[in-house]
Amino acid sequence: MTLQAPGIRIDGASLRFGPLAVFDQLDLTVEGGRWTCLLGPSGVGKTSLLRLVAGLPAEGASVAGSVRADDGGGLQDRIAYMAQRDLLMPWASVLDNVLIGPRLRGALKGAARKTYRARAMELLDRVGLADRANAMPSELSGGMRQRTALARTLLEDRPIVLMDEPFSALDALSRYRLQDLAVELLGGRTVLLITHDPLEALRVADRVEVLFGTPARLAQPAITPTGPAPRATDGAEIVRLHQALLNRLAGGQAHPIPGREAAE
Amino acid sequence: MSAAVLLRPVILTFGLLSLWQAVVWISGAPPYILPGPLAVGEVLIAKPALLLRHGAVTAAEIVMGLTLGALFGAISALTLSASRPARRWMMPVLVISQALPVFALAPMLTLWLGYGMASKVAMATLIIYFPVTSAFYDGLRRTEPGWLDLARTMGAGRFAVLRYVRLPAALPAFGSGLRVAAAVAPIGAVVGEWVGSSAGLGYLMLNANARMQVSTMFAALVVLAAFSLILFFVIDRGVKRLVRWQPDA
Numbered sequence: 023m024t025l026q027a028p029g030i031r032i033d034g035a036s037l038r039f040g041p042l043a044v045f046d047q048l049d050l051t052v053e054g055g056r057w058t059c060l061l062g063p064s065g066v067g068k069t070s071l072l073r074l075v076a077g078l079p080a081e082g083a084s085v086a087g088s089v090r091a092d093d094g095g096g097l098q099d100r101i102a103y104m105a106q107r108d109l110l111m112p113w114a115s116v117l118d119n120v121l122i123g124p125r126l127r128g129a130l131k132g133a134a135r136k137t138y139r140a141r142a143m144e145l146l147d148r149v150g151l152a153d154r155a156n157a158m159p160s161e162l163s164g165g166m167r168q169r170t171a172l173a174r175t176l177l178e179d180r181p182i183v184l185m186d187e188p189f190s191a192l193d194a195l196s197r198y199r200l201q202d203l204a205v206e207l208l209g210g211r212t213v214l215l216i217t218h219d220p221l222e223a224l225r226v227a228d229r230v231e232v233l234f235g236t237p238a239r240l241a242q243p244a245i246t247p248t249g250p251a252p253r254a255t256d257g258a259e260i261v262r263l264h265q266a267l268l269n270r271l272a273g274g275q276a277h278p279i280p281g282r283e284a285a286e
Numbered sequence: 002m003s004a005a006v007l008l009r010p011v012i013l014t015f016g017l018l019s020l021w022q023a024v025v026w027i028s029g030a031p032p033y034i035l036p037g038p039l040a041v042g043e044v045l046i047a048k049p050a051l052l053l054r055h056g057a058v059t060a061a062e063i064v065m066g067l068t069l070g071a072l073f074g075a076i077s078a079l080t081l082s083a084s085r086p087a088r089r090w091m092m093p094v095l096v097i098s099q100a101l102p103v104f105a106l107a108p109m110l111t112l113w114l115g116y117g118m119a120s121k122v123a124m125a126t127l128i129i130y131f132p133v134t135s136a137f138y139d140g141l142r143r144t145e146p147g148w149l150d151l152a153r154t155m156g157a158g159r160f161a162v163l164r165y166v167r168l169p170a171a172l173p174a175f176g177s178g179l180r181v182a183a184a185v186a187p188i189g190a191v192v193g194e195w196v197g198s199s200a201g202l203g204y205l206m207l208n209a210n211a212r213m214q215v216s217t218m219f220a221a222l223v224v225l226a227a228f229s230l231i232l233f234f235v236i237d238r239g240v241k242r243l244v245r246w247q248p249d250a
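Protein sequence lines correspond, in order, to chains C and E. Every letter in the first sequence is one number past the one before it in my numbering, and letter 86, counting from 1, is 108. Every letter in the second sequence is one number past the one before it in my numbering, and letter 230, counting from 1, is 231.
If you're looking for bench data, these hints aren't it; they were derived computationally from the structure. On a predicted model such as this, the values are computed, not experimentally measured, just so you know. What you were told as hints is all true, and nothing was included just to trick you.
Taking CB as the label site, the calculated pair distances span:
| no. | chain 1 | residue 1 | chain 2 | residue 2 | range |
| --- | --- | --- | --- | --- | --- |
| 1 | C | Asn269 | E | Pro248 | 43 to 53 Å |
| 2 | C | Gly40 | E | Leu230 | 47 to 57 Å |
| 3 | C | Pro112 | E | Pro31 | 54 to 64 Å |
| 4 | E | Lys241 | C | Arg31 | 51 to 61 Å |
| 5 | E | Arg89 | C | Ala157 | 36 to 46 Å |
| 6 | E | Ala83 | C | Glu206 | 34 to 44 Å |
| 7 | E | Ser84 | C | Thr137 | 34 to 44 Å |
| 8 | C | Arg38 | E | Pro248 | 36 to 46 Å |
Chain E is faced by these chain C residues, among others (derived, beta-carbon under 8 Å):
| no. | residue |
| --- | --- |
| 9 | Ala76 |
| 10 | Leu78 |
| 11 | Ile101 |
| 12 | Ala102 |
| 13 | Tyr103 |
| 14 | Gly123 |
| 15 | Arg125 |
| 16 | Arg127 |
| 17 | Gly128 |
| 18 | Met158 |
| 19 | Ser160 |
| 20 | Glu178 |
Built from N, CA and C at the ideal position, the CB exists for glycine as well.
Full structure from sequences and hints, please.
This is the structure we're talking about:
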C-alpha cells in the first residue's frame, strides 16, 4: 500500500426502523490512512453505521445520507470487511478461504491464479499459518480462524478496512497478539474498527469516537491517544484516557475528557 | 471398528429370525399364512434367477426414479431460490401437489404410461421430488447471512455467490433430502407395480399371493428390503463424502 488511503466522509446519515431513529443526521469523518475506533453501548447503532459504509443492506430500515471517499473516488470497490465472526467457509481449506475474494470475482484463473496463490501463501506466512494452508477451518482454534480471516482481508488489498469487533470472541492473549498483527499489517490503510473494549481502542486507534443515545450522536471531542500504535496499556495517558472513556461510555456526553483541551 | 460393532447386526438379524421362527412354531400357522424364515430361505436358494430378474426390474425403476426425482428436485429448488416470480407461482403449486396422495395417482400413471417401467419410474420420481426440492430449497434459503455480506463486499456476482457460497452451504440439506428420497423410492416403485405391471418384485408378490405361494412373496420382500438397505447405505456414504467438512454429517 503505497498510495495514500482515502478517508471516509459520512454526512447526514439517518437510519430508522419505523418510528425508531437509530441515528439521525449523523456526521462522521474517518481520517485517511489512520485507525478510527467506534465505541458505544450495545444496540446504539455501531454495526448499522459500519454496514452503511460497507454498502450492506439494512433489512427493514429506511436509510438516508451520503457516504463517500474524501478523494472523490468510489468507495464500495475500495473496502474490505471483517466481521466479529470469522465467516470462514467450512467446506474450503484455509488457503481457499483466503482466496475466496478473487474466486468470487472470477479472477482466479490463468496466470493470475499463480500470483494470487503466492500472495495468499505469503500472507498466511505473515499471520503464522503457512503450515496450516491445507487445513480445514474446523481444525483451527478461534485465534487461528480469525488470523485466517485477517489474511483473507489483506488479500483483498483494499485501502479501506472496516472491522466489526473482529477480536471480541477471542481469549485475552489471542486478542492481544491479533491486535499487534493487525496494526502491523494494516498500517497505512484507513481502518474503521468497532469495538466494545475501551483498552483495545486506546491500544490501536489514532482516534476514538463514542456513539451514544437515541438517536445516536458522537461524543465530542473525539479521544486521540498519542504515540504510535500498538500502545502499551500501562502508560499514564492511556490509564487516564481509559477512565475517561469508561465515564463517557457510562454517561454519554455529560462527561468531558479531563486534562485535555477540546482541540477539534 | 470394534468386534461389538461388527457383531451387533449379526446378533440382531439372528435374533429377529429366531423370533420369527418361534412365532411360526408356537402359533402353528400353516405355511400359506406365515412361512418361517427357513421356508423363505429355501425359496431364495431355489429360485434365484426368478427373484433376480424381477429384482433387477424394480431396482432399475428405483434408481431411475431416484435419479430423475433428485435431478428435477435440485433444478426446482435452484429455480425457486433464484427467481422471485418462480417462488410466487411455483410454491402454491408444490404445496397443492402435496395435498394429493401420490398413491392415488398410480392407476392414472399406469393408464397413461402403460404397464411397463415408465409408469413406475414416474411414480418413484413423483414421490422423491418433493422431499428433495423442499430440503434443498430450504438449504439454499438459509445461507449464513454473514457469508452473503462478505461476498457482497468482495464484489461477487449473483452466480458466483450461488456457485461458491450458497450451493456448497446447501449441500448438507440436499443430502438430507436424498437420504429421505432413498428411503421412500422403493415404496413408489412397488406401489406402481401393484397397480399394474408385467415384471418387478411388486408384480412377483401379487402373483405369488394369488397362487398362495406366500413363501415366494416373503422371498421377494427380503430381496426388496436388502436392495433398499444397500441403496440407503450407498446414498448415505455418498452424502457423507460430499459434506465431509460437516462435523455431524
